[in-house]
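Please put together the full structure from these sequences, using the hints given.
Here the numbering used here is used: position 512 in the sequence shown is 512, and no number is missing along the way.
It should be emphasised that the hints constitute simulated quantities derived from the structure, not laboratory data.
Treat the hints with care, as some may be off.
35 Å max Cα-Cα, derived DSBU-like pairs, lysine-lysine [claimed, not checked]: (1) Lys95 / Lys112; (2) Lys112 / Lys124; (3) Lys26 / Lys95; (4) Lys207 / Lys112; (5) Lys253 / Lys207; (6) Lys253 / Lys112; (7) Lys124 / Lys482; (8) Lys124 / Lys26.
What follows is a set of in silico ranges between Cβ atoms, one per label pair, in the way DEER data are often shown [as the list claims (entries may be wrong)]: (9) Pro485 / Gly149: 39 to 45 Å; (10) Pro370 / Lys482: 45 to 51 Å; (11) Arg241 / Asp421: 57 to 63 Å; (12) Ala459 / Val100: 36 to 42 Å; (13) Lys207 / Tyr92: 35 to 41 Å.
For every residue, glycine included, the Cβ atom is placed at its ideal position computed from N, Cα and C.
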Amino acid sequence: MTKFVSSERLAPIRRLWQMLVPRERKIIVLLLLMTFVSMFFETLGIGLIIPAVGLLTKPDYVTSFPFINDLVGDLSRSNLILLGMGALVSVYVIKNIFLVFFLWIQSLFGMKIQMRLSRELFRKYLHLPYISHLENNSATLIRNIEICGNVSRYGIEPMMLLITESLVLASIVGLLIVVEPLGAISAISILGIATGLYQRATKTRIKRWSQLQIEHMSSRFQHMQQGLGGIKDVILLGREREFLSQYEYHNVKNAEISRRFSIVQQLPRMWMETLAVSGLGLLVFIMISQDQSVDQILPKLALFGAAAFRLMPSASRILNSVQNLSYGRSTIDTLSTEFGLSERELPVNNFKRIPLSVSLALNNINFQYPTAPKLSIDNVSLTVRCGESVGFVGTSGAGKSTLVDILLGLLRPSSGTVCVDGSNIYGNLRNWQDQLGYVPQSIYLTDDTLRRNVAFGLADEEISESAVWRALEVAQLDVFIKTLPDLLDTVVGERGVRLSGGQRQRIGIARALYHDPSVLVLDEATSSLDIETEHGVMEAVNLLHGTKTIIIVAHRLSTVEYCDRLYRLEDGRIVQEGSFSEVVGSFRPDGK
1 MTKFVSSERL APIRRLWQML VPRERKIIVL LLLMTFVSMF FETLGIGLII
51 PAVGLLTKPD YVTSFPFIND LVGDLSRSNL ILLGMGALVS VYVIKNIFLV
101 FFLWIQSLFG MKIQMRLSRE LFRKYLHLPY ISHLENNSAT LIRNIEICGN
151 VSRYGIEPMM LLITESLVLA SIVGLLIVVE PLGAISAISI LGIATGLYQR
201 ATKTRIKRWS QLQIEHMSSR FQHMQQGLGG IKDVILLGRE REFLSQYEYH
251 NVKNAEISRR FSIVQQLPRM WMETLAVSGL GLLVFIMISQ DQSVDQILPK
301 LALFGAAAFR LMPSASRILN SVQNLSYGRS TIDTLSTEFG LSERELPVNN
351 FKRIPLSVSL ALNNINFQYP TAPKLSIDNV SLTVRCGESV GFVGTSGAGK
401 STLVDILLGL LRPSSGTVCV DGSNIYGNLR NWQDQLGYVP QSIYLTDDTL
451 RRNVAFGLAD EEISESAVWR ALEVAQLDVF IKTLPDLLDT VVGERGVRLS
501 GGQRQRIGIA RALYHDPSVL VLDEATSSLD IETEHGVMEA VNLLHGTKTI
551 IIVAHRLSTV EYCDRLYRLE DGRIVQEGSF SEVVGSFRPD GK
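Laid out in structure tokens, this is it:
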């Protein structure tokens with residue numbers, strides 16, 4: 001029995017307890033108190049079987065209990081039987097009403113925990129340091145949020161069921177031992193040994209199945225994401241069969257594990273039925289060997305039969321609960337680890353945004369990715385003055401985008417400081433990032449309206465129509481949108497598939513300008529466009545020259561032609577600084 005409820009088996013319960021907030025722990029204590037009430041009703045219901053059978057088999061049975069005999073007075077035997085049956089039925093009705101209410105409370109509690117955990121994990125992922133997202137596959141993060149739904153099924157519910165049924169089983173066993181010690185101890189010993197052997201035989205398999213299911217779920221998400229995310233390449237290269245085959249492999253494995261676990265969960269009921277019938281046979285044999293009369297045997301046999309009727313599902317549920325906790329262990333372990341991840345620091349912005357007014361300075365910046373063998377940024381220092389346009393050029397892998405990510409506050413330097421008007425940006429990172437407009441190489445567009453894509457992430461009631469049109473006008477996209485039947489309510493399609501490449505980039509620029517930033521950052525924002533489209537996009541950007549501080553990571557030198565100053569990077573270092581004419585003569589980037 002000690003092995004059956006070993007420290008290892010209780011580990012998931014401990015981790016689950018640690019994931020609960022104080023209010024939820026208090027509710028669990030309340031549910032445990034309700035469990036004792038449930039135990040009382042279950043024991044009372046079983047205990048009333050003996051007097052009920054006694055009333056039916058022995059005419060003078062009630063005289064054995066003076067208090068009850070005085071209470072019922074001179075009632076006839078038939079009325080006594082009706083009264084006894086009425087009391088028995090009443091107890092069972094009250095018991096089952098309470099149990100339904102108890103079950104409703106438990107399921108509601110489990111559902112709310114499940115909702116909170118998935119919301120909290122999503123919130124945590126949104127607040128992880130940017131570098132954590134670079135190191136983790138998004139399919140794995142999505143899977144982790146999805147498996148929060150298993151916390152209730154394989155955590156909260158089996159934990160509460162294990163406690164409830166264990167108490168009920170213990171109370172009924174105690175009652176049986178009082179009534180028939182030898183028979184009860186013999187039957188329970190057989191039950192305990194058989195249960196322990198069964199659990200020992202299935203424990204390793206269930207633990208392994210749990211781990212494998214987590215892995216196959218992750219791979220399933222990954223292949224779905226890759227197949228649908230790169231659908232154009234999939235169609236053109238004719239790779240439908242390959243992606244479907246990879247998905248199908250993990251889908252079949254996942255379904256097979258679920259099938260095996262489902263079978264293992266059904267076996268205890270059949271196992272218990274066989275043991276219960278064998279136990280009743282053993283009990284009859286013991287009572288006959290003790291020369292007990294039929295009048296003595298019948299009430300006890302009825303009690304043990306009723307107890308077996310209740311103990312069989314109870315023991316089966318205990319086994320299933322232990323199996324569910326074991327099966328859900330990988331889920332609980334995974335979530336326990338994920339909830340332990342450190343979030344990025346978000347100082348509270350207690351004052352209004354203060355625009356860049358003097359300069360942005362990077363002082364002796366060093367940065368190394370956790371898995372990289374060397375520095376990606378090596379002792380970089382530079383100053384960008386307010387209203388200035390600055391370009392970064394260099395070959396692929398020179399460190400341009402990494403340097404911009406540091407400037408944006410997405411990556412924290414290993415050493416050195418990033419200062420705005422003399423203040424370190426990490427003193428109030430939110431304030432600094434509120435001043436930034438960022439246009440990446442690949443614009444992320446949602447399958448939604450133009451309005452919501454420009455005012456990305458804002459609720460409809462928070463979107464300023466005038467700010468959307470202002471941003472679109474600066475991005476030189478307003479004329480095109482006014483020709484559309486639905487104007488700003490036009491749906492762009494997933495990833496903007498209904499728009500041209502230039503239009504997608506202009507929406508990206510409009511999004512960056514929506515909140516009127518003081519600094520505009522373009523990270524190879526036109527590298528995927530043809531030269532003519534790129535010229536049109538950069539024309540819109542160059543109109544902002546002097547009114548905003550502009551930082552451009554260049555793919556082609558033509559995109560930084562109007563910059564006040566260029567920095568050329570090699571191997572994470574600034575090797576040249578100067579005007580366009582000074583730098584262009586000694587360097588040609590990858591894109592020419």
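Hints, one by one, checked against the model:
1. Lys95 / Lys112: holds, 26 Å
2. Lys112 / Lys124: holds, 18 Å
3. Lys26 / Lys95: holds, 24 Å
4. Lys207 / Lys112: holds, 27 Å
5. Lys253 / Lys207: This hinted pair holds, its Cα atoms lying about 16 Å apart.
6. Lys253 / Lys112: Judged against 35 Å, a Cα distance of about 31 Å means the pair holds.
7. Lys124 / Lys482: Measuring from Cα to Cα gives roughly 40 Å; hence the hint is violated.
8. Lys124 / Lys26: Distance ~24 Å between Lys124 and Lys26 Cα, so the pair holds.
9. Pro485 / Gly149: 39 to 45 Å: At roughly 41 Å between Cβ atoms, Gly149 and Pro485 fall inside 39 to 45 Å, so the hint holds.
10. Pro370 / Lys482: 45 to 51 Å: With a Cβ separation near 49 Å, Pro370 and Lys482 satisfy 45 to 51 Å, so the hint holds.
11. Arg241 / Asp421: 57 to 63 Å: holds, 58 Å
12. Ala459 / Val100: 36 to 42 Å: holds, 40 Å
13. Lys207 / Tyr92: 35 to 41 Å: holds, 39 Å
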